[in-house]
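Below are the chains, spelled out letter by letter.
There are 2 protein chains.
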Amino acid sequence: MEGSSFFLSLVLILLSARLLGECAVWLKIPPVMGEMLAGVILGPSLLGWVQPTEMIKLLAEFGLILLLFEVGLDADISQLARKGKQASIVALGGFITPFIAGFFVSYYLFNLSLIVALFVGGTLTATSIGVTLRVLRDLRRQHSNEAQIVLAAAVLDDILGVILLAVLFEFSASGEVNLINASKIFIFLVIFFALAPIVAKLMAATVGHFEKFSHIAGLIPTMIVSLILFFAWLSHAVGAPELLGGFAAGLALSRRFFLPFGAHLTQTDGRFVVRIEEKMKPIIQLFTPIFFVMVGLSLNLQEIDWSSGMVWKMTFIFILLAIASKMFGALLIRESIHSRWAIGLAMIPRAEVGLVFAELGRLSGVFDNELYAAMILTIAATTILPPFMMKYFYTRYGRHLHPGN
Amino acid sequence: MEGSSFFLSLVLILLSARLLGECAVWLKIPPVMGEMLAGVILGPSLLGWVQPTEMIKLLAEFGLILLLFEVGLDADISQLARKGKQASIVALGGFITPFIAGFFVSYYLFNLSLIVALFVGGTLTATSIGVTLRVLRDLRRQHSNEAQIVLAAAVLDDILGVILLAVLFEFSASGEVNLINASKIFIFLVIFFALAPIVAKLMAATVGHFEKFSHIAGLIPTMIVSLILFFAWLSHAVGAPELLGGFAAGLALSRRFFLPFGAHLTQTDGRFVVRIEEKMKPIIQLFTPIFFVMVGLSLNLQEIDWSSGMVWKMTFIFILLAIASKMFGALLIRESIHSRWAIGLAMIPRAEVGLVFAELGRLSGVFDNELYAAMILTIAATTILPPFMMKYFYTRYGRHLHPGN
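From first to last, the protein sequence lines are chains A and B.
Quick note on our numbering: the first sequence kicks off at 1 and runs consecutively.
Quick note on our numbering: the second sequence kicks off at 1 and runs consecutively.
Worth flagging that the hints you see were computed from the coordinates, not collected in a lab.
Be aware that one or more of the hints could be misleading.
For identical chains, the list gives no copy identity; a pair is met inside one copy or between any two copies.
In silico DSS-like links for lysine-lysine, alpha-carbon gap of 27 Å or less [claimed, not checked]:
id, residue 1, residue 2
1, K184, K313
2, K212, K83
3, K391, K83
4, K212, K391
5, K57, K281
6, K28, K212
7, K212, K184
8, K28, K391
9, K212, K281
10, K184, K201
11, K281, K201
12, K281, K28
13, K212, K201
14, K28, K184
15, K83, K313
None of the values given here were measured: they were computed from a predicted structure.
Just chain A, with the same shape it has in the complex (with noise of 0.2 Å):
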């Protein structure tokens, strides 16, 4: 029975991603940082204990799918809404600069080929909002203008990077560029999202009324875990990736969600989404960092060459393409301009979300070891150093600033 390693492996897992998530806290680097960490010493990189099998990568995708089931939750579309022009501006100018920014260098100056340049776009558009969230909170600015313009523009973000995955997941798997293709995989998309929403509610209120009559504890986690898969499932089928089925049953079931119809009907019952929450946060914060450590994991340094100067060009350009093209976003609205300096730090750190990217440009084939390995050291960098750099803005120029309320 192979069950005995296996389960030795993911001991290893969990514990090491633990201990180096809380290390990475202790020195105010993001906990993902200490994750990922975890899965270069265990891996072939360094120590070599723990394989990306086929079930440790089945399992790193079920938690990918919950992290992404978990950000859809959270997303607050009415701060969006409040909000909504200036951080539309920031969003789509910090959305649009990195992806053209990152592709004509990928295109023009490395001379990748088409679908690589998309990805390497793709991968640096992405914003964390969990780091910018923790940051803000700790200099206790969660509440002020800038945070709630960031916390909007970073929900839009989301949405974004996802249908821009699910298109450039579909390039990579049909192998061309085809406007066509994208189209389709565009209207599937917005099909999907008109329906999942109605579905997922209609499926909540079913829980909410049969947990009355259910006399078998759990009823909550199996039907929710099945509504996650489900979407999942049904997202590969119409050819995007899988996290797109868990965020859209997450945005589905989240409190401030409404259809533009029927609101009443529609909306889910909030006691009923805390409960929801309740019951499925022990499964996501199990799963969820089996993610982090597998790209750490999968991350083999020893295969790249780390001499030929190629890499160290790369990491470089594109980690000073990552900061610029954020700050340009935040630099177009009308605020103050310690208020847009603000913003456009806040909207720096990729974290998960370009991790997201990054692996899948790799499980698909699209990135080499070289180009895998600049990506993930651009988004260890954007994902570090602002963190830094805001605390550092905060203290010196915090004074400008509107106090929070």
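Start from chain A and add chain B according to the hints.
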């Protein structure tokens, strides 16, 4: 990517288990029977929609380990102390009698080999506390004298059963019945059960302590699952089945479990155990049904020669043996005749614990298709019939028993 089809299988497993489990409860049948039937329907016996792949087997194994963790966590050792003498007689009588009867009939009547006969005996020893508890609760007799004896006896039966399972597992792995190996594993088990609580309590104390400092949510699910899986691996490493590790972890963390020395130091804080239960329940509830569906999946009814008569003969005799031998232990104690009958009836259900034995027998190649089917049918009959028998008995003779307090 095969992830997508795997996720769909998982959805089918989870939803059908829930649906048929609820139907079973509605028909006053224990839910595990419905979950097993879901596996029979989805699997090669009928629809063939879900194959018992390596992945699903591993998740089922994880579910089984979690189930035994829960059994251990719920085990009330103090109950055992209170009703010690009578419970011991019931438990030992209801453990040794079916084992010897099952063994002799298999070995001498059906001419099965030594190891096979031992496994048949082992399968018949199980007592499912879950089924019994549910029925007693439905009858509002869960606090009665006979209920206390039955619950204490079932705890003891669980412990004896798991030890027997470990010894038989070693026999099937080494292919021979060897008393030196059996003593070796017995010594291992004693050391394991002596050290496990200390390790588990220390770990629980550490987790409880570090929870205050942790900045990443989900410390409890991560650490407790790691502990369970580590014990499962350890258990496998000393030659016992993995589920023993789950049981030991649960027993060690249990609220009512204390060590003979340094009780104050090692007793887990009650509130902390409540928090562990709260966080672990959703995970346990999600994965446990997968095991029972797996039992149904691995039962290919089409491969069994139903016309041979041998299956029916074995099933019939085993059912009679299973019922009579469990009654025997109860008849030995000094209680009123009605109490003895009530206790005897409540000891009959095998359910999950019997299925664990049967599944391990099948996995290690000890049971062929026919014998496995006969065992499953026996377990099903001894699980489905007692609730009806108990209800009939209490309706007719309940007035002769002391009312529940």
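Here's how the hints hold up against the structure:
| no. | hint | in the structure |
| --- | --- | --- |
| 1 | K184 with K313 | neither (37 Å within a copy, 61 Å between copies) |
| 2 | K212 with K83 | neither (40 Å within a copy, 36 Å between copies) |
| 3 | K391 with K83 | within (24 Å within a copy, 64 Å between copies) |
| 4 | K212 with K391 | between (50 Å within a copy, 25 Å between copies) |
| 5 | K57 with K281 | both (21 Å within a copy, 25 Å between copies) |
| 6 | K28 with K212 | between (45 Å within a copy, 17 Å between copies) |
| 7 | K212 with K184 | neither (42 Å within a copy, 51 Å between copies) |
| 8 | K28 with K391 | within (11 Å within a copy, 62 Å between copies) |
| 9 | K212 with K281 | both (22 Å within a copy, 18 Å between copies) |
| 10 | K184 with K201 | within (26 Å within a copy, 57 Å between copies) |
| 11 | K281 with K201 | both (20 Å within a copy, 24 Å between copies) |
| 12 | K281 with K28 | within (24 Å within a copy, 33 Å between copies) |
| 13 | K212 with K201 | within (18 Å within a copy, 37 Å between copies) |
| 14 | K28 with K184 | neither (44 Å within a copy, 50 Å between copies) |
| 15 | K83 with K313 | neither (38 Å within a copy, 75 Å between copies) |
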